[in-house]
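Using my numbering, the first residue of the sequence shown is number 1, and each one after it goes up by one.
None of these hints come from the bench; they were simulated from the model.
All values reported here derive from a predicted model rather than from experimental measurement.
For every residue, glycine included, the Cβ atom is placed at its ideal position computed from N, Cα and C.
There could be a bad hint or two in this list.
Label-pair distances were calculated between CB atoms; the ranges are [stated by the list, open to error]:
1. Ser65 / Lys43: 14 to 22 Å
2. Lys43 / Asp5: 15 to 23 Å
3. Gln33 / Lys54: 14 to 22 Å
4. Gly37 / Pro13: 13 to 21 Å
When the alpha-carbon atoms are kept at most 27 Å apart in a straight line, the in silico BS3-like pairs for lysine-lysine are as follows [said to hold, decoys possible]:
5. Lys54 / Lys4
6. Lys4 / Lys56
7. Lys43 / Lys4
8. Lys43 / Lys54
9. Lys43 / Lys56
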Amino acid sequence: MNTKDISYYMTLPYNMIVEIVESNPPFYFGTIQELPGCFANGKTEIELREKMEKPKISISISYFSKKN
């Protein structure tokens, strides 16, 4: 049985892909490769990274609870 909790999974070194979407106004879009469906956007890269935390937590809980 796996006894790792969500705090363990939140500290793993996930690969985030960040793109600048050239629209009016431009924005940042990011996904995490290891967590299908985990994406967010923001006006700045800092905002994107902050907004990425909520889906990262939700998807991590869902994904890793199914594996255990």
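Consistency of the hints with the structure:
1. Ser65 / Lys43: 14 to 22 Å: violated, 33 Å
2. Lys43 / Asp5: 15 to 23 Å: violated, 33 Å
3. Gln33 / Lys54: 14 to 22 Å: Given a distance of about 18 Å, which is inside 14 to 22 Å, the answer is holds.
4. Gly37 / Pro13: 13 to 21 Å: holds, 19 Å
5. Lys54 / Lys4: Judged against 27 Å, a Cα distance of about 19 Å means the pair holds.
6. Lys4 / Lys56: Holds, at roughly 16 Å.
7. Lys43 / Lys4: violated, 34 Å
8. Lys43 / Lys54: holds, 17 Å
9. Lys43 / Lys56: Between Lys43 and Lys56 the Cα gap is close to 19 Å, so the pair holds against 27 Å.
When each numbered hint is compared with the structure, violations occur for hints 1, 2, 7.
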